[in-house]
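Chemist: Working from the sequences, and respecting the hints, build out all of it.
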Amino acid sequence: MQGRVVKLFTNHFRVTSRPELLTYKYNIDYMPEVEDGKVRTDLLCQHKHVIGECPTLDGNSLLLPHQLQKQ
Numbered sequence: 177m178q179g180r181v182v183k184l185f186t187n188h189f190r191v192t193s194r195p196e197l198l199t200y201k202y203n204i205d206y207m208p209e210v211e212d213g214k215v216r217t218d219l220l221c222q223h224k225h226v227i228g229e230c231p232t233l234d235g236n237s238l239l240l241p242h243q244l245q246k247q
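Residues in the sequence shown are numbered consecutively from 177, following this note's numbering.
Since the hints were made in silico from the structure, they are not lab data. It should be emphasised that the depicted structure is a prediction, and the values quoted were computed from it without experimental measurement. Everything hinted at is true.
Computed cross-link-like contacts, DSSO-like style, restricted to lysine-lysine with a CA-CA straight-line distance of at most 27 Å:
id, residue 1, residue 2
1, 246, 224
2, 224, 201
3, 201, 214
4, 214, 224
5, 246, 201
Modeler: Below you can see the structure in the form of structure tokens.
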């Protein structure tokens, strides 16, 4: 065995599958383009009345537990 022993700590949590729950993914485009992630989030959060309080974002995608109404 080579190398050295290191002390390692991790975080973990149990994920329980609930097939009856759906997640809807929406792609987001900003026009004009917005580079700053905080500004993108702030702009999206101006629509809490539509998307809800705690959106899950990754910058270009929005994940919601409900389907948005078509407009």
